[in-house]
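Protein chains: 2
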Amino acid sequence: MAKTVMLEARSGSVPEEVLEVARTEGVDPNKLRVRLAEGRVIIARNIKRQGRIRLVGVGEGLTTKVNVNIGVSTHVNDIEMEKEKARIAVQYGADTIMDLSVGENLDEVRRILMEASEPLPFGTVPTYQAYIEGVRKHGGMPDEDFFLQVLERHLRDGVDFMTIHAGITRELAERALKSNRIQPIVSRGGALLAAWMMETGSENPYYRNWDYILELFAEYDAVISLGDALRPGAIADALDELQILELINNARLVERAREKGVQVMVEGPGHVPINKIVADIRLMKSLTRGAPYYVLGPLVTDIGLGYDHIAAAIGAAIAAAEGADLICYLTPAEHLSLPNPEQVKEGLIAARIAAHAGDIVKLGRRVMEPDIKMSIHRARLEWNKMFKLSLDPERARRIYSQYGVQLPSCTMCGSYCAFLILNKYMEKTRR
Amino acid sequence: MAKTVMLEARSGSVPEEVLEVARTEGVDPNKLRVRLAEGRVIIARNIKRQGRIRLVGVGEGLTTKVNVNIGVSTHVNDIEMEKEKARIAVQYGADTIMDLSVGENLDEVRRILMEASEPLPFGTVPTYQAYIEGVRKHGGMPDEDFFLQVLERHLRDGVDFMTIHAGITRELAERALKSNRIQPIVSRGGALLAAWMMETGSENPYYRNWDYILELFAEYDAVISLGDALRPGAIADALDELQILELINNARLVERAREKGVQVMVEGPGHVPINKIVADIRLMKSLTRGAPYYVLGPLVTDIGLGYDHIAAAIGAAIAAAEGADLICYLTPAEHLSLPNPEQVKEGLIAARIAAHAGDIVKLGRRVMEPDIKMSIHRARLEWNKMFKLSLDPERARRIYSQYGVQLPSCTMCGSYCAFLILNKYMEKTRR
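Chains as they are written, first to last, in my numbering: chain A, 1 to 431; chain B, 432 to 862.
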């Protein structure tokens, strides 16, 4: 069996994958190699799809990445719409895509969406399929092995990274269900596992079989994303004992993955008020010794219904500035509905703005060129250049022209545009 | 002449206005009185419109407020559309409205929009009218007195608060125009004043006549909002010498206003990267000894074109959490166009989410009731109660129903909703 990229990096040689990511990101290849070797950076991949998938690095010293979730649901099962979402995700600059489908024919759905998502790394949550098909097949709870079989099926198909909710033990699930949390468990995968544990009385199958799972992932050299089944789903529940105990479990599982040379990242909340985000990030980075942090939101208030991509962008920007590495987008449909393609676009762009705002803090001048260029074009009223630089040129152009008026400035200030008024006094010193 | 509300508060008695704001906000009236007396809180008002306008407090210990800008432009002059924006601002929970009109018939426009904005406090930037009408009347630069005459006209009409760019001296304007800032001056009022100072060679008329202006404002007991003509318009320009020198001037002007019993707040940037926002707020509060801070944005990146309400909401939430008191909304049309009514709504709601997220930090449990209620309704899948609690019930309902499917849960998880799955295990312990 070939060495994993992590073990190769640890042996001292610079893997091809590291060279390529270093090139894309403009970082030193040897520094990146060390970070990969130590588990502070991952490169999403699966040897089954080598060469077909863009190599995306996630972690310390790299730009913050954005993930888009797609997937059919039990009551809205429109594979063409989900393919369209994948197309939008690629077009508007997502870095990874995850398939969260629930319902029928999940193998087929996954294969179709994986192809539609190329060239982006593709992630899944195998728990959904294991539970849904398991229950259907067994007429009751599936046995433990079935969770592992489904996971292997995803690996064989070439899935690059998977959310595995291994940190929620049976004891923690029970404690959560008896807790006075406003919302004991909001993670869908976490809820399915908790229900399975309650019904069977058995321990979490991923937790119990962690070493076997590591062997599987090593074989395909794919990436584990440790799920946060106990993430707070309400700001009042943030940074409580349940969240932190699961994080401690996850941190232990990270260490064992590193020993085996398996790349791993850790997922984080959820709903978190602004003044707890920095603590959350620092605690996670400390407990996991710098593992890449994949955050959902965090949403900084619970009242953003219909606009939760904004509540999430606020938290994501603060998290990214502090060290979060991968941001899971949220759409305006969060908490309300499966998003439609337009909502996917809006959510993705909000997350990209948040990621970039964080990168300005994390990486400084290295990533500020687009801001500086945009500002220079703005001062010169170079509209087409501004549109081209924006994350959604078509929308920027449409808003600019929304009254059908053509001006050197814009319709906000018209003739009293600050740049027009001051131009003559600056002529000599304008850059 | 009657005492101003600030002088009354300083004399030890609790003014009627303070009692009312204390009631609305649920704070101790005497604490509020002291803060008003010391200039750490303002109550927007003008004696000419007493009784017709909602008393809105801004400052320490109070909820963060949101301002909506409206107003016609030189090339899009549709007073009905601006009235519609005022209506939307009132409906969706703005706390104050400012008229930034430029163009013709500014007195008439102001009176119409002020009426349309009732019962909200109404603000203006008299510099626009002074410059535009002055130039038209004089065929060149108006004289200094004209700036003061226009200001008095606004006071007489009942304007509750006004942006006065008194802190940008001629020397600072010259220095800015010769600086290597990417964008020397982006404030429209600041640009007009700078042009006037460059053409006439005179000092800033507001700066030179500050004591006279204080007398005028004391007469109407209205509020001054010290403008930030030198706010950074690009993140690369943030927290530079120009911004801070103007802030120092403004802080001095604040002290003189307090001596005269005139309520004053200070305006702030602009474009500021995440890691400079806290410093900006703390510096402003320190220099001004806790004056209310009115921030525009701050935008945390320059590349958000078409989505700048999101770049601004990120900065505004961080600023509010740290102590900003009034947030000026920004719409998706910022930097592109006069906003349309739908964009006004989107910008306002984004700003309200930011303000509330900040208040959760600043004021804690006192303001968290809507979050807790929303989370409880969410866990119980009480959709109508969630819609009602949201900032935009109609939109939440529309998104929820966008596929025409009716479920106990939503179309995201369908039958695999975490709350449905776990319900039976929680029954005994559910609140």
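One or more of the hints may lead you astray.
When the alpha-carbon atoms are kept at most 30 Å apart in a straight line, the in silico BS3-like pairs for lysine-lysine are as follows [said to hold, decoys possible]:
1) Lys-276/A x Lys-609/B
2) Lys-691/B x Lys-276/A
3) Lys-819/B x Lys-276/A
4) Lys-707/B x Lys-388/A
5) Lys-816/B x Lys-276/A
6) Lys-816/B x Lys-178/A
7) Lys-609/B x Lys-385/A
8) Lys-48/A x Lys-3/A
9) Lys-462/B x Lys-276/A
10) Lys-462/B x Lys-373/A
Chain A stretches covered by chain B per the calculated footprint, using a threshold of three residues with CB under 8 Å from any CB of chain B [stated by the list, open to error]:
11) 70-77
12) 190-196
13) 291-304
14) 313-324
15) 360-374
16) 379-387
Simulated from the structure, these hints should not be mistaken for laboratory data. Just so you know, even glycine gets a beta-carbon here, dropped at the ideal spot from N, CA and C.
Right, here's what the structure says about each hint:
| no. | hint | result |
| --- | --- | --- |
| 1 | Lys-276/A x Lys-609/B | 43 Å, violated |
| 2 | Lys-691/B x Lys-276/A | 41 Å, violated |
| 3 | Lys-819/B x Lys-276/A | 28 Å, holds |
| 4 | Lys-707/B x Lys-388/A | 28 Å, holds |
| 5 | Lys-816/B x Lys-276/A | 28 Å, holds |
| 6 | Lys-816/B x Lys-178/A | 25 Å, holds |
| 7 | Lys-609/B x Lys-385/A | 25 Å, holds |
| 8 | Lys-48/A x Lys-3/A | 15 Å, holds |
| 9 | Lys-462/B x Lys-276/A | 28 Å, holds |
| 10 | Lys-462/B x Lys-373/A | 48 Å, violated |
| 11 | 70-77 | holds (count 4) |
| 12 | 190-196 | holds (count 5) |
| 13 | 291-304 | holds (count 5) |
| 14 | 313-324 | holds (count 5) |
| 15 | 360-374 | holds (count 7) |
| 16 | 379-387 | holds (count 3) |
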